[in-house]
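Keeping their order, the protein sequence lines are chains A and B.
Residue numbers 4 to 293, in our numbering, belong to the letters of the first sequence in order.
Residue numbers 316 to 677, in our numbering, belong to the letters of the second sequence in order.
Because the hints were derived from the structure by calculation, they are not lab data.
Check before you lean on any hint, since a few could be wrong.
What the hints assert, rightly or not - Output of the computed footprint for chain B on chain A, the stretches with three or more beta carbons under 8 Å from beta carbons of chain B:
hint : segment
1    : 56–68
2    : 105–114
3    : 128–141
Claimed, not checked - Under 7 Å between C-beta atoms, here's a sample of chain B residues computed to sit facing chain A:
hint : residue
4    : 343
5    : 381
6    : 400
7    : 404
8    : 544
9    : 547
10   : 548
11   : 551
12   : 561
13   : 562
14   : 565
15   : 567
16   : 569
17   : 611
18   : 614
Backbone N, C-alpha and C fix where the C-beta goes; we use that ideal spot for every residue, glycine too.
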Amino acid sequence: MTPDTATTGAGAPVKGAPVVDKATNRLAARGLGLRYGSRTIVDGLDLDLPGNAVTAIVGPNACGKSTLLRGLTRLLDPAAGTVTLDGSDIHRMPARALARRMGLLPQQPVTPEAVTVEALVRLGRFPHQRMLTPWSKADQAAVDEALERTGMTGLRDQQVDRLSGGQRQRAWIALALAQDTDLLLLDEPTTFLDLRHQLDVLDLVADLHAEAGRTVVMVLHDLGQAARYADHLVVLQDGRLAAAGAPGEILTAELVERVFQVPCQVVPDPETGTPLVVPKARSRRAAARD
Amino acid sequence: MSAPALAHTDGADGGRTGAGTSTSTGTSAARRRARTAAWSVVVAVLLVLLTGVALGTGQVRMTVWEALRALVGLGDSGNVLVVQEFRAPRVVSALIAGAGLAVAGSMLQRLFRNPLASPDTIGVTGGASFGAVLVLAIGASQQYIPLAALGDGLLAALLLGGFAWRSRMAVTRLVLVGLAVQQGLAAAVNLMIVRFPAELASSAMQWTTGSLYGRTWTEVGTGGAAIAATAAAVVLCQRRVAVLDLGDDSAGGLGLDPRRDRVLLLLLTIALASLAAALTGPVAFVALAVPHLVRLLAGPPTLGTLGLTALTGSLLLLASDLLVLHVIPVHGLPVGAVTATLGAPWLLVLMIRQGRLPQRSS
Numbered sequence: 004m005t006p007d008t009a010t011t012g013a014g015a016p017v018k019g020a021p022v023v024d025k026a027t028n029r030l031a032a033r034g035l036g037l038r039y040g041s042r043t044i045v046d047g048l049d050l051d052l053p054g055n056a057v058t059a060i061v062g063p064n065a066c067g068k069s070t071l072l073r074g075l076t077r078l079l080d081p082a083a084g085t086v087t088l089d090g091s092d093i094h095r096m097p098a099r100a101l102a103r104r105m106g107l108l109p110q111q112p113v114t115p116e117a118v119t120v121e122a123l124v125r126l127g128r129f130p131h132q133r134m135l136t137p138w139s140k141a142d143q144a145a146v147d148e149a150l151e152r153t154g155m156t157g158l159r160d161q162q163v164d165r166l167s168g169g170q171r172q173r174a175w176i177a178l179a180l181a182q183d184t185d186l187l188l189l190d191e192p193t194t195f196l197d198l199r200h201q202l203d204v205l206d207l208v209a210d211l212h213a214e215a216g217r218t219v220v221m222v223l224h225d226l227g228q229a230a231r232y233a234d235h236l237v238v239l240q241d242g243r244l245a246a247a248g249a250p251g252e253i254l255t256a257e258l259v260e261r262v263f264q265v266p267c268q269v270v271p272d273p274e275t276g277t278p279l280v281v282p283k284a285r286s287r288r289a290a291a292r293d
Numbered sequence: 316m317s318a319p320a321l322a323h324t325d326g327a328d329g330g331r332t333g334a335g336t337s338t339s340t341g342t343s344a345a346r347r348r349a350r351t352a353a354w355s356v357v358v359a360v361l362l363v364l365l366t367g368v369a370l371g372t373g374q375v376r377m378t379v380w381e382a383l384r385a386l387v388g389l390g391d392s393g394n395v396l397v398v399q400e401f402r403a404p405r406v407v408s409a410l411i412a413g414a415g416l417a418v419a420g421s422m423l424q425r426l427f428r429n430p431l432a433s434p435d436t437i438g439v440t441g442g443a444s445f446g447a448v449l450v451l452a453i454g455a456s457q458q459y460i461p462l463a464a465l466g467d468g469l470l471a472a473l474l475l476g477g478f479a480w481r482s483r484m485a486v487t488r489l490v491l492v493g494l495a496v497q498q499g500l501a502a503a504v505n506l507m508i509v510r511f512p513a514e515l516a517s518s519a520m521q522w523t524t525g526s527l528y529g530r531t532w533t534e535v536g537t538g539g540a541a542i543a544a545t546a547a548a549v550v551l552c553q554r555r556v557a558v559l560d561l562g563d564d565s566a567g568g569l570g571l572d573p574r575r576d577r578v579l580l581l582l583l584t585i586a587l588a589s590l591a592a593a594l595t596g597p598v599a600f601v602a603l604a605v606p607h608l609v610r611l612l613a614g615p616p617t618l619g620t621l622g623l624t625a626l627t628g629s630l631l632l633l634a635s636d637l638l639v640l641h642v643i644p645v646h647g648l649p650v651g652a653v654t655a656t657l658g659a660p661w662l663l664v665l666m667i668r669q670g671r672l673p674q675r676s677s
């Protein structure tokens, strides 16, 4: 089964990304249901994420964004439906084989006590290693490149738990890069960072896509940032798909009001021309509620 | 999993965003490696010396050099007999069991993310002793002791798992239930021993406190081989352990099945502890104390500190046994009494230090 990229032409790379044709890295969900215990979070979701693009998943708190990401990465077994990567069911793939194609930065990774940046990043090579094979030149090259790309080369001997929040996040992204996967999934990579470090991380993501040809899927909170950095936007509401497509086409005032219950205007971002959500003034929101 | 006392949870403390924190740690990794290597050499040298002393000391006296020569069959034939047949099995038991217990303790603390986890606190050594005494009680051959200890050690762990599972392995509950399991099994051991005939009862005393009296090559051979095999498997799995340290989500993203792999590694570790306990009985506190000592000397556990952990475990048990044999003037004192006496205050210190750590929530 090879699902067509059903998400209109807008899913195609638009920002001059190099076309990687060895694999297309298309994630898709069909009738996906995700549950924690008896609580259904995502129900009957059909989703196609474009390959070779940056996708942002947005939605109100508790809409199932992170749960969806866990379902797309096998951290959570689906209660119903399937998740496919280029047509193959990810739950039928060997775990390590999948880990060589898909890297993940979870929302709250645990930094081992006193681990150094390089030691942390080396763990990204785990899916490529076999039990008795020693550390190889290819492993070291991947680690060096990941450190270089994230600007962590100079900090490689530092302890991760002594770094600033932004540096720490870059160290974790370096781990995912050392994993050397075409597809990268990031769960709220900018949460807990100040604005400058948020932009740092998002610029890094944009570079990874533009220069290294990675397909990126990330959960974001800020709609303006999502519109700026993503080629494809997935808007979730109560575990269902509210809209999906190019930010410029789908991010409208009606959508934001419907999904987030915030009356707003959507204006072109003065810097980039992408949609920018401006909530209405308090008095006018109160009026709208009456 | 809970109790992130040994691991920082990223994210929640994003307040530390000053760009200038990259100071002074320098090449802390290299420094830690050097410290680990240096301490390993120190402990290894001490171990060789103490081994010589242990082989040379006793009613038949000889120098350390004579003792080492006798070990390989050279010199006075009386010395050779004493060293090879009586002293060496006991010393080798101490070396193997000490290393096994210490490595098992270190692994348990890592896998549970809990500095108080040890084969003593989760009932494993109690289970192993129970199995051993059961073998004696039903009159089966002593060669089944390692097997029975292994089986009952695993059984004790399952019992604990069953009781603590619903609270998602919360630390306090784990330790409390573990101590209850350990005490219950110790009571069962005592009950069986009381009903033993007198000649069996004395040899069974080993299983109440842990002791190295009367070890022979038969026990050391089978137990030692099993312990070596298990320890080798533990070493081979160290990459997996390091990946699990990143938390279940990251480990899953790197191609592990965190829950399955954690349980498998726990079973392996429990097997190691049970086999060690089959050799010595429930020697207290070696498994709990050594990992903390190594952490003080060389930093958090890595593949590199595993060797130091094993060496330190051997050294502690051998030194305690020497105290029992030649320093403390009480005949027949079990080595477990010494380790417990040393270990109890150490546990208190740990508890107090633990209480002082700033609370981190996951």
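Evaluation of the provided hints:
Counting residues of the segment 56–68 of chain A whose CB lies closer than 8 Å to any CB of chain B gives 0, so the stated coverage by that chain is violated, three being the minimum. Counting residues of the segment 105–114 of chain A whose C-beta sits closer than 8 Å to any C-beta of chain B gives 10, which meets the bar of three, so the coverage hint holds. Coverage of the segment 128–141 of chain A by chain B holds. Counting CB-CB distances below 8 Å, 5 residues qualify, and the rule asks for three or more. The restraint placing residue 343 of chain B at the interface with chain A holds, with a minimum CB-CB distance near 6 Å, inside the 7 Å limit.
Against a cut-off of 7 Å between C-beta atoms, the interface hint on residue 381 of chain B is violated, since the closest Cβ of chain A lies about 42 Å away. Given the 7 Å rule on beta carbons, the hint for residue 400 of chain B is violated: about 39 Å separates it from the nearest Cβ of chain A. Residue-level restraint check for residue 404 of chain B is violated (minimum Cβ-Cβ distance to chain A is 33 Å; threshold 7 Å). Interface restraint check for residue 544 of chain B: the shortest CB-CB distance to chain A comes to about 15 Å, outside 7 Å, so the restraint is violated.
Because the beta carbon of residue 547 of chain B sits about 12 Å from the nearest beta carbon in chain A, more than 7 Å, this interface hint is broken. Residue-level restraint check for residue 548 of chain B is violated (minimum Cβ-Cβ distance to chain A is 10 Å; threshold 7 Å). With a cut of 7 Å, the hint placing residue 551 of chain B at the interface with chain A holds, because the nearest CB-to-CB distance is about 6 Å. Contact between residue 561 of chain B and chain A, as hinted, is supported at the beta carbon level, the nearest pair being about 6 Å apart and thus within 7 Å.
Taking 7 Å as the C-beta contact cut-off toward chain A, the hint placing residue 562 of chain B at the interface holds, the least distance being around 3 Å. Below 7 Å, beta-carbon pairs count as interface contacts, and residue 565 of chain B has one with chain A at about 5 Å; its hint therefore holds. Interface restraint check: residue 567 of chain B against chain A, minimum CB-CB distance 5 Å, threshold 7 Å, status holds. Taking 7 Å as the C-beta contact cut-off toward chain A, the hint placing residue 569 of chain B at the interface holds, the least distance being around 5 Å.
For the restraint placing residue 611 of chain B at the interface with chain A, the shortest Cβ-Cβ distance is roughly 13 Å, beyond the 7 Å limit, so the hint is violated. A hinted interface residue such as residue 614 of chain B counts as satisfied when its beta carbon comes closer than 7 Å to some beta carbon of chain A; here the least separation is about 6 Å, so the hint holds.
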